[in-house]
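Q: Chain by chain, the residues:
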Amino acid sequence: MDRQPIFDELFGFGQTPRGPYEQYMSWFDGENKNKLEKKSKEAEAFFRATGITFNVYGKKEAQERLIPFDFIPRIIAAKEWEVLSRGIEQRVRALNAFLHDIYHRQEIIRAGRIPESLLDKNDAFCPQMIGFTPPGGIYTHIVGTDLVRTNENQFYVLEDNARTPSGVSYMLENRETMHKMFPEIFRQNKVASVRNYPKNLYKSLADCAPPACNGKPVVAILTPGIHNSAYFEHAFLAEQMGAELVEGHDLKIVDGRVTMRTTQGFTIIDVLYRRIDDEYLDPLTFNKNSMLGVPGIMDVYRTGGITIANAPGTGICDDKAIYSYMPEIIEFYTGEKMLLENVPTWRCSEDDSLKYVLDHLDKLVVKEVHGSGGYGMLVGPTANKKEVETFRKILQKNPSNYIAQPTLDLSTVPIFKNKKLDPRHVDLRPYVLVSPKNVDITPGGLTRVALKKGSLVVNSSQGGGTKDTWVLAK
Amino acid sequence: MLGRTAGSLFWMFRYLERCENTARLIEAGFQIALTRTTDETDVWHSIIATAGVVEKYTQVHSEYSQENVVDFLIRDTENSSSVISMMRMARDNARAARTALTREVWESTNQSWLLFKNELKRPIKTRDLPIRLETIRRQTALVRGVLYGTMLRNDIYDFAHLGCYLERVESTARILDVKYYVLLPSVSHVGSSIDNVHWETILRSMSAHQSYRWLNQGDIDPLSISKFLILDKRLPRSISYCVEKVYDHLCYLSKAYKNELPALKAIQNLHRDIEKTMIEDIFADGLHEFLQDIVAKNAEISAQIEQDYSFYS
Numbered sequence: 001m002d003r004q005p006i007f008d009e010l011f012g013f014g015q016t017p018r019g020p021y022e023q024y025m026s027w028f029d030g031e032n033k034n035k036l037e038k039k040s041k042e043a044e045a046f047f048r049a050t051g052i053t054f055n056v057y058g059k060k061e062a063q064e065r066l067i068p069f070d071f072i073p074r075i076i077a078a079k080e081w082e083v084l085s086r087g088i089e090q091r092v093r094a095l096n097a098f099l100h101d102i103y104h105r106q107e108i109i110r111a112g113r114i115p116e117s118l119l120d121k122n123d124a125f126c127p128q129m130i131g132f133t134p135p136g137g138i139y140t141h142i143v144g145t146d147l148v149r150t151n152e153n154q155f156y157v158l159e160d161n162a163r164t165p166s167g168v169s170y171m172l173e174n175r176e177t178m179h180k181m182f183p184e185i186f187r188q189n190k191v192a193s194v195r196n197y198p199k200n201l202y203k204s205l206a207d208c209a210p211p212a213c214n215g216k217p218v219v220a221i222l223t224p225g226i227h228n229s230a231y232f233e234h235a236f237l238a239e240q241m242g243a244e245l246v247e248g249h250d251l252k253i254v255d256g257r258v259t260m261r262t263t264q265g266f267t268i269i270d271v272l273y274r275r276i277d278d279e280y281l282d283p284l285t286f287n288k289n290s291m292l293g294v295p296g297i298m299d300v301y302r303t304g305g306i307t308i309a310n311a312p313g314t315g316i317c318d319d320k321a322i323y324s325y326m327p328e329i330i331e332f333y334t335g336e337k338m339l340l341e342n343v344p345t346w347r348c349s350e351d352d353s354l355k356y357v358l359d360h361l362d363k364l365v366v367k368e369v370h371g372s373g374g375y376g377m378l379v380g381p382t383a384n385k386k387e388v389e390t391f392r393k394i395l396q397k398n399p400s401n402y403i404a405q406p407t408l409d410l411s412t413v414p415i416f417k418n419k420k421l422d423p424r425h426v427d428l429r430p431y432v433l434v435s436p437k438n439v440d441i442t443p444g445g446l447t448r449v450a451l452k453k454g455s456l457v458v459n460s461s462q463g464g465g466t467k468d469t470w471v472l473a474k
Numbered sequence: 001m002l003g004r005t006a007g008s009l010f011w012m013f014r015y016l017e018r019c020e021n022t023a024r025l026i027e028a029g030f031q032i033a034l035t036r037t038t039d040e041t042d043v044w045h046s047i048i049a050t051a052g053v054v055e056k057y058t059q060v061h062s063e064y065s066q067e068n069v070v071d072f073l074i075r076d077t078e079n080s081s082s083v084i085s086m087m088r089m090a091r092d093n094a095r096a097a098r099t100a101l102t103r104e105v106w107e108s109t110n111q112s113w114l115l116f117k118n119e120l121k122r123p124i125k126t127r128d129l130p131i132r133l134e135t136i137r138r139q140t141a142l143v144r145g146v147l148y149g150t151m152l153r154n155d156i157y158d159f160a161h162l163g164c165y166l167e168r169v170e171s172t173a174r175i176l177d178v179k180y181y182v183l184l185p186s187v188s189h190v191g192s193s194i195d196n197v198h199w200e201t202i203l204r205s206m207s208a209h210q211s212y213r214w215l216n217q218g219d220i221d222p223l224s225i226s227k228f229l230i231l232d233k234r235l236p237r238s239i240s241y242c243v244e245k246v247y248d249h250l251c252y253l254s255k256a257y258k259n260e261l262p263a264l265k266a267i268q269n270l271h272r273d274i275e276k277t278m279i280e281d282i283f284a285d286g287l288h289e290f291l292q293d294i295v296a297k298n299a300e301i302s303a304q305i306e307q308d309y310s311f312y313s
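Keeping their order, the protein sequence lines are chains P and V.
For the first sequence, our numbering begins at 1 and goes up steadily by one.
For the second sequence, our numbering begins at 1 and goes up steadily by one.
Careful, some of the hints might be misleading.
Said to hold, decoys possible - Below, in silico cross-link-like pairs of lysine to any residue (SDA-like), each with a Cα-Cα straight-line distance of 20 Å or less:
| no. | chain 1 | residue 1 | chain 2 | residue 2 |
| --- | --- | --- | --- | --- |
| 1 | V | 117 | P | 65 |
| 2 | V | 117 | P | 64 |
| 3 | V | 117 | P | 265 |
| 4 | V | 258 | P | 264 |
| 5 | V | 121 | V | 133 |
| 6 | P | 386 | P | 361 |
| 7 | P | 252 | V | 310 |
| 8 | V | 117 | P | 53 |
| 9 | V | 121 | P | 49 |
| 10 | P | 180 | V | 104 |
| 11 | P | 41 | V | 115 |
| 12 | P | 417 | P | 15 |
| 13 | P | 41 | V | 107 |
| 14 | V | 117 | P | 48 |
| 15 | V | 258 | P | 265 |
| 16 | V | 233 | V | 216 |
| 17 | V | 255 | P | 265 |
| 18 | P | 41 | V | 110 |
| 19 | P | 252 | V | 121 |
| 20 | P | 252 | V | 307 |
| 21 | V | 121 | P | 48 |
| 22 | V | 121 | P | 65 |
| 23 | V | 117 | P | 264 |
| 24 | P | 363 | P | 349 |
| 25 | V | 117 | P | 39 |
| 26 | P | 252 | V | 1 |
| 27 | V | 121 | P | 64 |
| 28 | V | 255 | P | 264 |
| 29 | P | 216 | V | 1 |
| 30 | P | 252 | V | 313 |
| 31 | V | 121 | P | 264 |
| 32 | P | 41 | V | 118 |
| 33 | P | 180 | V | 107 |
| 34 | V | 265 | P | 264 |
| 35 | V | 117 | P | 49 |
No wet-lab data here; the hints were simulated from the structure.
Input sequences plus hints: build the corresponding full structure.
A: Put into structure tokens, the structure is as follows:
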């Protein structure tokens, strides 16, 4: 297979480090590689002791697994970051305007910019939100925009993750670990800090307190419980924010407010950062078998008694068919051209596109419109003939359930393997906080890295690892 | 604090305490078995009886050998009261109460669990037993020490200690009750070798053999042992000391929360009764009956605390 040369973020297309990596590499070159290898093992012990694990369903013994950490940082120059953060902010503002519109007058459909069918049959569209404006007018309080890079100046947005982006605890712990392992390099390199994230998260959520709140807003995180795959993160964020970590059965509606059962009676919660899906939020409104949510919370929500973050019904933004309309959406609400590019996307619901996709299956990535986590997708170029043909049948049965994209030559950043640098493909997920007052993007984010050579799948559930992500100070 | 969190703290420290008590008990058995010339079977039988798990044990093993008993009480994951099972439950509760624990308390608990899991992977050889037991005692002491050194003195601290001391009352009462007959003056004969084993088991399993010697030079008699373990407030595992601690922590909670709940009343009564009790009264009315009464009241208070502070929905 003839392929373009891959852009490496450390070496570019050449042999010498690119600008942002120069200082780091002068340190790295002078280090004893045996000692580095030893340090790298220490990092694993550190993660284990801290309990930074994610749970894997269905495996009895190794229920809690570590996400592998590679200590070579991913470094972004201040100028590059400026471009990215402007583009992300534009997208997030447009998404909030879009959500408000589709749950109110649906101007964008009236204007004929997106087809009505996109919302009509969409399970992620939440009819209970029609005509209701969440406190502060914010739908997506917490966003994790997935970005990939293919060249010096070419970034693409892969997904907007407006529902419940996870992984922010890894951004924080990776940095913490780097501070412990290599304090000296942080004196040489001025790296923008990420440690304010929990504080900003609290502030951002508190700024969206509901009308019924009086006094200092009480914020709580709603978790499905200790067996959830991201429990560590829920507990970590609650602890860092000084918020309570609650489960559905701790909560009860009392006098039109959501309260939690404490050792001293019931205490009112103003803002609930929920880490459970819409479907489980309220058994009276959604899935009636849900044990995870709070019966009646949607009524409290609609009468201004609580803020739910992110708002129910935001998941529709994660729909990959809607994603494909982002250029139209951004232009419609902001009057601006889209700053960060979308990956070119074929909607298999359209006959011409479907024909093209079926003809080029071995070259494309085909994804479910509602899918996530790297499941239910086809990566054409790495799949064998049989896999391609099996997928072809699945696709033909229900074309509107799929979109297709070209396989991008994702940039690489080296990992430290066998005492040497070895390039691996990466993506980037910066974390965005949205309040009525501002859009706050933490400089950095989570770099996920495909540890298998040549692999493009970076998901932790599929053998991906993480790296610390540096944004250099100006 | 969430009621559920209070419950997790309470149980986390109950399990840790139970873990440590089991390790002490095995250590007592091991020490005694080493210094005896006769068959060790009755020593290990006595250990299983003291742990209160005869029924569970006989479902799995037919012989009371050191290997079997040690394996059952330390490594057996099917046995819910083995050290490894209890450490897992302590750690699960710590995980659930994560937001109420300092990072150091959480990490020491998590590390203890990882260490146990690793060290107890394979059956324990006799020559490794002292080191394994040492690890268990050291790690539980570490968690307690970090709690002492890093946590706020607030309701979190109180719930943790309530779990610890209620467990200790139960443990001490149970150990004494299993052996109550050897402490009765009518059947025991000072100096007979079998009785010595029992006394030593009792004293060692509460790490009280040294203290007892300090306070009673040379004399070993059932009455003074009982008095020491039940009523002596200088001993951190005596019933009297632990009841007072439970009382203290419920008082702190009552002050902090500005309320007086039924559990406080109950512990007040128990504390007052024990303060008035003389060892002679206990023996006159029946040691077994006294201990049974303590265990029952202790369980009632524990249940009342769970209710008063809404541990469960």
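Q: All hints are to be evaluated individually against the structure, with a verdict given for each.
A: Verification of the hints:
1. V:117 to P:65: 15 Å, holds
2. V:117 to P:64: 13 Å, holds
3. V:117 to P:265: Status violated; Cα separation ~39 Å.
4. V:258 to P:264: Status holds; Cα separation ~10 Å.
5. V:121 to V:133: 14 Å, holds
6. P:386 to P:361: Holds: residue 386 (chain P) and residue 361 (chain P) sit about 12 Å apart, inside 20 Å.
7. P:252 to V:310: 13 Å, holds
8. V:117 to P:53: 16 Å, holds
9. V:121 to P:49: 18 Å, holds
10. P:180 to V:104: Roughly 16 Å between the alpha carbons, so the hint for residue 180 (chain P) and residue 104 (chain V) holds.
11. P:41 to V:115: 17 Å, holds
12. P:417 to P:15: Within the cut-off at roughly 18 Å; holds.
13. P:41 to V:107: Satisfied, since the Cα-Cα distance of roughly 18 Å is no more than 20 Å.
14. V:117 to P:48: 13 Å, holds
15. V:258 to P:265: Holds. Residue 258 (chain V) to residue 265 (chain P) sits at ~13 Å (cutoff 20 Å).
16. V:233 to V:216: Answer holds: residue 233 (chain V) to residue 216 (chain V) is near 15 Å, not above 20 Å.
17. V:255 to P:265: 16 Å, holds
18. P:41 to V:110: Given that 20 Å is the threshold and the Cα spacing comes to 19 Å, the pair holds.
19. P:252 to V:121: Between residue 252 (chain P) and residue 121 (chain V) the Cα gap is close to 43 Å, so the pair fails against 20 Å, i.e. violated.
20. P:252 to V:307: The given pair, whose Cα atoms are some 17 Å apart, holds under the 20 Å limit.
21. V:121 to P:48: 18 Å, holds
22. V:121 to P:65: 18 Å, holds
23. V:117 to P:264: 37 Å, violated
24. P:363 to P:349: 19 Å, holds
25. V:117 to P:39: Given pair residue 117 (chain V), residue 39 (chain P) is violated - Cα atoms ~24 Å apart, limit 20 Å.
26. P:252 to V:1: 15 Å, holds
27. V:121 to P:64: 17 Å, holds
28. V:255 to P:264: 12 Å, holds
29. P:216 to V:1: 17 Å, holds
30. P:252 to V:313: Holds, at about 10 Å.
31. V:121 to P:264: 43 Å, violated
32. P:41 to V:118: 17 Å, holds
33. P:180 to V:107: OK: residue 180 (chain P) and residue 107 (chain V) at ~16 Å, within 20 Å.
34. V:265 to P:264: 18 Å, holds
35. V:117 to P:49: 13 Å, holds
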